[in-house]
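If you read the protein sequences in the order shown, they are chains G and A. First residue of the first sequence: 17, per this note's numbering; consecutive thereafter. First residue of the second sequence: 58, per this note's numbering; consecutive thereafter.
Wrong hints could be hidden among the right ones.
[Unchecked claim] Listed next, with one range per pair, are the computed distances between beta-carbon atoms:
| hint | chain 1 | residue 1 | chain 2 | residue 2 | range |
| --- | --- | --- | --- | --- | --- |
| 1 | G | P150 | A | E129 | 43 to 51 Å |
| 2 | G | E85 | A | P235 | 20 to 28 Å |
| 3 | A | L157 | G | S77 | 29 to 37 Å |
| 4 | G | E44 | A | G234 | 53 to 61 Å |
| 5 | G | K224 | A | E129 | 57 to 65 Å |
| 6 | G | Y121 | A | Q83 | 36 to 44 Å |
| 7 | G | D144 | A | G131 | 40 to 48 Å |
| 8 | A | A158 | G | R298 | 42 to 50 Å |
No lab work stands behind these hints, which were simulated from the structure alone. All residues carry an ideal CB built from backbone N, CA and C; glycine is no exception.
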Amino acid sequence: MPDSQSIVLGIESSCDEMAASVVRDGCEIVSSVIHGQEEVHRPYGGVVPELASRDHVRAISRVVELALERAEVAQGDLTGIAVTAGPGLVGSLLVGLSFGKAMAYRLGIPVVGVHHLQGHLIAAELSDRDLTRPYVGLVVSGGHTALYRVHEEGEPGLLGETRDDAAGEAFDKVAKLLGLGFPGGPAVSKAALEGDPRAVDFPRPMAKRPGLGFSYSGLKTAVAVEVEQRGGLDALSAQEVADLAASFEAAATDILVLKARRALRDEGLAGLAVVGGVAANRRLRTEMERAGKKHDFDVVFPPISLCTDNAAMIAAAGARLLAEGHADALDLNAFSRVPVGEAPWRANEAPRRVGETPPASTSS
Amino acid sequence: MHSSFVSRTPEQTERAGALLAAQTTQPTVVCLVGDLGVGKTHFVKGLAQGLELDPVQVTSPTFAIVNEYGGETGRGLVHMDFYRLESESALEEVGFLDLLALDAILAIEWGDRFQQALPPDHLVVRIARERAGAAETSPPTPFPATDAEPSASTVPSPTESKETDSALRVFQVHATGPASGKLLDAWCEALDVAGLAPTGREN
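Whole structure, please, built from the sequences with the hints as guidance.
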């Protein structure tokens, strides 16, 4: 467990968001700031268009400053800095990484690189203290759709992931196909409320195949074909759009429930954490909880603020890593694609595979 | 220089990509154009295969914008997606100029969104789902079944046609310069040899 004296600054810049957060003792979120959603823009007199979503360089000092201010923590009080080292857009990652390393060097405190998805998994533990390891983690977002076994210690092991599109991406693209708004998740769900989820029997890709992989590309294509067969988007009535949205949402969430159940059964576990932006989907929550009641497993859904990209999860994951003795050197680098359970920036440590038990601690 | 051919299955789309990648002799930019769900990512899985990289690793780059594969030894694969980019200036933020300098096939989905940012000599691959009764240019003749899946590709089982979709994909390829023109020639020859004969060609 993280030691009880830690105050860790987390920095997350793996893709569109630039975020900073202060977490005390590895579990108490003292502040959490996300660029774009906060008044980071205020000093410029409102949102300035040139501050594009990925223009992290201009946002980072203000975001970090604001996180410290809100936490009422001085730089000198920090005991460590945690930064996302991958996976993500290297240009974006490097901004947070360089800033974090420089700050750690100046303050003489350790810096640790955190796997973005490990951060997402930790979010569940931050929101529910009753969630005990080992458990199955389902990360489902715009960029990722994967199942993990979260071990008692160390990095999670991958059980299965999407072979093409992520679930959140399918929601966004289907929203576009149906002429609904952006972001696609809430737009599809809203339209689906008025629709019949059994109107169209969309495929549940990979459902019949053994294993824990996902595929959302075929489902997206099936929606495109259905729209085309009905004469294109302009020919669809509002009811048809609602029915297609509801039927798609049913298919998309059914697969997640089915694969999560299969993972729990295969791993012999009874705890499930669902994290990432798509964890906000109401149908997914309802169906997963229903399955949990029926098949006797516990489901944890963190609050939305912890589901989408944020830095509190990075700080919490970093606090844990630091407590386990994993500080990184200042040549810590960013990686665009990194399997969970591996930390190529920590080159001296061998990656751990699914099912392996963590090495016995040598420290007394 | 133009050429066109038809793919019947996602497997054939991958095969076509593999054959293209295998013909490259230098860094190459491939601009991929086509609606949602036509098989752009499938085609890129094929490119990976042709470069002897693991196609299973290739997933949609829409969210991440850039995914890089291989390149430690031999030619790498950079898979990009312009779908989510707000403006041409955002290309700089994602390190586009650095990516252009790599020894890699740079495959860009929705690359036509910022075509002016692409190097002048590149390959444009347009993929379209064939609509019933709306064959555009040359009437597409499906290429013969490959020896890998002799019957499965021609007669999809009922469950399969529900899982994927049975519509043909029409590929229209266009080279914008001498290097891409040479590559297109080599690719057409390879498609021919492999029994995936191009249905139309013009210079």
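A quick look at each hint next to the structure:
1. G:P150 to A:E129: 43 to 51 Å: Given range 43 to 51 Å: violated, Cβ gap about 34 Å.
2. G:E85 to A:P235: 20 to 28 Å: violated (58 Å)
3. A:L157 to G:S77: 29 to 37 Å: Once the Cβ atoms are compared, 30 Å apart, the range 29 to 37 Å for G:S77 and A:L157 holds.
4. G:E44 to A:G234: 53 to 61 Å: holds (59 Å)
5. G:K224 to A:E129: 57 to 65 Å: violated (37 Å)
6. G:Y121 to A:Q83: 36 to 44 Å: Roughly 41 Å apart at Cβ, these two residues keep to the hinted range, so it holds.
7. G:D144 to A:G131: 40 to 48 Å: holds (47 Å)
8. A:A158 to G:R298: 42 to 50 Å: holds (46 Å)
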